[in-house]
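There are 2 protein chains.
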Amino acid sequence: MSKGRYILLAVVCGAVAFALGVIIGWFSRSGLTAEDRAALNKYLASIEDADETIRDHILETIDAQRIRENLRQLSQKPHMAGTPPDLEMAELLRRNWLENGLDEVRLVPYDVLLSYPPLGREGPNNTAVTVDGADPAREYEDTRTLHIEPEYQDDPDAVQFFNAYSPAGHPVGELVFANYGRLEDFDYLRAVGINCTGKIVLMKYRSGGRGQKAKNAASAGAIGAILYPEPADTNEPGGKVYPDGWNLPGTGTERGGALLETGDPLTPGYPATDYAYRLPKDKSNVFPPIPLQPIAYNDAQKYLSHLDGDIAPAGWNGSLPITYRLGPGFTGDWAGRKVALHVYTNTTIRRVYNVVGMIKGEVEPDRYVMLGNHYDSWVQGAIDDTSSTAISLELTRVFGGLVKDGTWRPRRSIVFVAWGAEEYGLLGSHEYVEQFTGLIKDRVVAYLNMDIGVGGNYTIFAGCSPSMIDVIYDTTKQVPDPDASLGKSVYETWSERDPADADADVKVPKLDWPRVGTDYIPFGLRVGTPLFTFAYVHDQTNYSPRAIYPSYHTAYDNMDLMERFVDPDFTVHRAMARISGELIRRLADSLVLPYDCRKYGPSLGAFLQATEQDFGSMLYDQGIGIDALRSAVYNYTAAAEGFHDRLQAIDRKDPLQIRSLNDQMVQVNTAFIDIHQPHYSNKHVLYSPSGCATNSSAAFPGIVRTMCDGPVDDEGWEEVKKEVAAIASTIQSAADVISDVDSILGPS
Amino acid sequence: MSKGRYILLAVVCGAVAFALGVIIGWFSRSGLTAEDRAALNKYLASIEDADETIRDHILETIDAQRIRENLRQLSQKPHMAGTPPDLEMAELLRRNWLENGLDEVRLVPYDVLLSYPPLGREGPNNTAVTVDGADPAREYEDTRTLHIEPEYQDDPDAVQFFNAYSPAGHPVGELVFANYGRLEDFDYLRAVGINCTGKIVLMKYRSGGRGQKAKNAASAGAIGAILYPEPADTNEPGGKVYPDGWNLPGTGTERGGALLETGDPLTPGYPATDYAYRLPKDKSNVFPPIPLQPIAYNDAQKYLSHLDGDIAPAGWNGSLPITYRLGPGFTGDWAGRKVALHVYTNTTIRRVYNVVGMIKGEVEPDRYVMLGNHYDSWVQGAIDDTSSTAISLELTRVFGGLVKDGTWRPRRSIVFVAWGAEEYGLLGSHEYVEQFTGLIKDRVVAYLNMDIGVGGNYTIFAGCSPSMIDVIYDTTKQVPDPDASLGKSVYETWSERDPADADADVKVPKLDWPRVGTDYIPFGLRVGTPLFTFAYVHDQTNYSPRAIYPSYHTAYDNMDLMERFVDPDFTVHRAMARISGELIRRLADSLVLPYDCRKYGPSLGAFLQATEQDFGSMLYDQGIGIDALRSAVYNYTAAAEGFHDRLQAIDRKDPLQIRSLNDQMVQVNTAFIDIHQPHYSNKHVLYSPSGCATNSSAAFPGIVRTMCDGPVDDEGWEEVKKEVAAIASTIQSAADVISDVDSILGPS
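Protein chains in written order, with the working numbering: chain F, 1 to 748; chain V, 1 to 748.
The set of hints was computed from the structure by calculation and includes no laboratory data.
Mixed in with the good hints, there may be bad ones.
Heads up, simulated DMTMM-like pairs for lysine to aspartate or glutamate below, C-alpha to C-alpha not over 20 Å straight-line [to be verified]: (1) F:K281 x V:D714; (2) V:K281 x F:D713; (3) V:K281 x F:D714; (4) F:K721 x V:D709; (5) F:K42 x V:D651; (6) V:K653 x F:D36; (7) F:K360 x V:D651; (8) F:K42 x V:E35; (9) V:K283 x F:E718; (10) F:K653 x V:E48; (11) F:K281 x V:E719; (12) F:K653 x V:D654.
This is chain F alone, in the form it adopts within the complex (with noise of 0.2 Å):
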């Protein structure tokens, strides 16, 4: 061979032998297996923190258009619950939902206790001015046309004027003006000589529940109630009616349910399904004693324009152009004569439907972050709460596409529901978390809740679980004002225009525990649950009692009132949607749970001590020390401090770690519930109202409920010590949820 050919040899062996270790090499590195590397991208999947990117896919796909076209849809025809409209609704969001990519959705069906007036309004109900009650014939002043609001009478399905569970009767008296119809009203009445025995009295609407007022009015003796919505209360100062602009006209008045309780009135405590055991209506101590009937406040002024009696105290005016005087009876033309009620409205047991759906989450899909709101309405409600089906719907669409196209899919699960027969007292809710308890109090993350989501353009009025205050901070600092040209995030305008402390330098929105009554309730005070309950609401600066928009349960409540005077661009629902959106984006998506357990010790230190200070001496008179309580409140504070530590040194590494720290950060929330608590729903230790009538004392409700309408006796305040000694329990318990594992073994 020659020189070169040797050469040539020597560079293919040599590219041989390198191709050959190249080989080798590759091979004899201990590489993964391809299980192992199966396992560990599935391990990888379970450490993975939420895509961030998927905000704004988020953010920038919810179109304002869809939600108005969704609320043109949605809001056409009156939807009361239990109606056949109302099924249709049901029917179509689920059909809707599905479409839209929701893995699956069912109708939840509960057979309640609903309560209805004539429909078809055949002997509407009325009240009437009479000689005396006796003979139709002889009836003056007839509210009988004015018993649906005059636009809408040829809506064959929009309900006349009732209230809801109120007993059917024909009860006839003089007329007594009672104000907002508190206790303290009536002992008002009282102390001026006024007895209201045999008499009808009339009360506005605010400050209390409807059947609350009928109660109180039957406690001081009168045989019917009417309810009115001042439109001091109601209507913008100034403003015009509608249709010319969004204040109620004298000729509409508020629909609404009178029971005592949430719930079906006839299960408490347990779900209203087919085979429920089902109370004796009249076992049921949850309906008002006496019939109630509301009228418009053209009416109102009638009646009270005519009313004898002392001129009524100044807090109690309104803003009708008369003087508003006490009663009893009429005076001039109308001497003599006495108000009829006519009521008509009777209960019947109806099939009514939560709908409820699920996007099956990737990693823990037994972990579940919900959304909620009702879809039934007194009339078309377009705000109240078509405007949140709205949204939902638009949020379905959204979500729904990503998991469909296969682009994102989050580690937990999402609960869409939309309840039935809210406006009945929480009916679908209630009979849901009854149903439901287990799976809630273990799985579910979160409950966001809207009501009455868009009913006005000003800014938010929103009440949370205290742990989730930053998480929601944080969220609607990612989302623009509705009206862009401020180029503020909805975070800066909430926190002007309604800050928690409007002295403050740096101002933060206002965000308590919510205090009214809607869906999240039972998830609230039942289980505990953390939750978020929210909505865009006019400027209520100078309102007081805080106002609802002027249509709230009426006809006006509908499309056109939406379009042209609350949200024309529809940006406002953009921006409910876009907010909610986010939130369950970050809830179901985080890796940790975006919550802060430290933020229950405001409050628990408020209620400690608005109770040392607003029933601190009569606790002392009686003996009944306040340190057990003290002393829980010190341990809950510094258990949450160390939480704290243990979650910022969390090993991002370790999903079982994660999902037992989440899991005592939703614990934490649920250990506040106290079952011995007893009302057969409210067990909050923290946030159960406390049944007072007059006090609304911000103490602790358990200790409140027995020291606030009056004197105690003896039993009562071994109820006082009782409850003492259970809320520092159950606050102690809480505090060891989020305390080492080792807090089973007792303080150390």
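Keeping the supplied structure of chain F fixed, place chain V upon it in accordance with the hints.
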């Protein structure tokens, strides 16, 4: 260059190229980063199943002689709850558990209402035959000298005979014999014309609680109650009495608590912490209403032999060599004499402690397997329950040793508990469960209980939650029978000696829900924790009612009796320790919990069948259908089958899926709790006692409750109707827990 040199060059080139190739190949392969490797290792640990070699280590390390020495030390002195030796024992356990290697041990204090006769033997409780009871000098046949087992009168800490919580008092009356003091026994007396009003009633122990007997007697009009241990129910036929055998001598009697409910009487529902609310004693209705005193059977024989009246029915007879008569009053020499009760027993609040210790889990430290037994005893209590304390002390050594030397740490945490004041009415365990209800519900995967750990050497007497049956069977198959000469497993002898069905071809051991009164009760009935309680017992084949060992609650229950008659070589203790130890290991270390929730099916079926059989026609007559129950049971069964299939297909590489299914297997147990059940603590819809005095039907207790003891009024029928629905709803919610995650959407 020569040819050889060229070849050499080619070879060198080839070698260098090869080496280079290997290196490049090695490094070009994408390997794991160090961080990935660490993550992978952590992940692999999280899905690692139990190391089965630990089983053998545990079984072999458990040392019978150490248990013997433990028992000798622990049973040296009487250690009644609330006395100084009781506290010493708690402190000794804490010290030893820590030395043995537990990570943390604490004493958890409660201030509970206890009850004592005068300590130090002053004014001993007794009964006396008296002429008129007015003048002690005229009392005859005083049992005063027999107020403590004679052989032990020199131990000043051995408490005299008493029933805890008997009111103090000195009633005098004619004697009546009332068999077991059940309602039907008093019905019989009434039927044969014996009026118990103003009488002292003598009753046998067994077939009912001590307090309940006194309550039944009081309901019949009696003013005092005496209990005695009938030798026919207590002693082994033909056996010798202690110290020549283990039978009860005629001079001993059973002490015992007489509360009508379990748990601290003054703090129902809440833990008896230092700040707890305590009911005024007169507001509590859990005390026996009349003085109650146990006597030895020698004394009972004397009384019975002088009784006047008719001969007792055959079923009432015992084995005393007399004719059992009913009374009232005495005859012959004793004619006209009465019986006086002198009871000085009084209640007092004292601090008692649970000893709670932990080995922290490696992977899931927030899931606990708990082993508990009480450490208090009426006297020395070598059997009841120091045998269990001695066993658990040995287990802390074995498990603590593994942890101390770094051999092993379980996946989940192990919690050892020694309960205080069980003998008084499960006070320590009740208060603990009340304090930590939430943590127990969410985190305790199993509660294992030993009471009267070694009360015999024949076979196991046990009860458990249905889903634990298999793992208990499997475990006892791993443990050899204490009698090595048989060459059988515990499972085999247990199957033979106490089969579930004696006629079955293939026998399996009897293992139902437990029906004895011990510390599992609050776990089972208030929380629903999966549980197991067990003991080794003597041959009880021919006893009815089921017997307890003869020296129960006497000073004869001591180390000497244990060593000579019960477990001379401590192999029974070792077997108990091995079963507990292996069960703890399996439950704490298995990747997938060894539960089978299908096993609730037969229980549900049996309850349904018994309900139909025992009450079906009564329900039918009232128009109360049980279709809802039937369908709930069907749904549960189907859901459990579905769950089982999912469990078989579990992805053993997915730690979150495993955690989720494990949690469901625990939560399905707790889902049988209905918080609306009326009793403050017994809220399990399957296993709570019905509260019936006479009817012990195995049907659903909530249904039985109202119908058991006589005619039902309209309100009662409403109650029954309500319960049918409540139970159906609760069973359905258990089915929902083990259904797919979309069960929260309601039925599809």
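Broken hints, by number = Going through the list in order, the structure violates hint 4 alone and respects the others.
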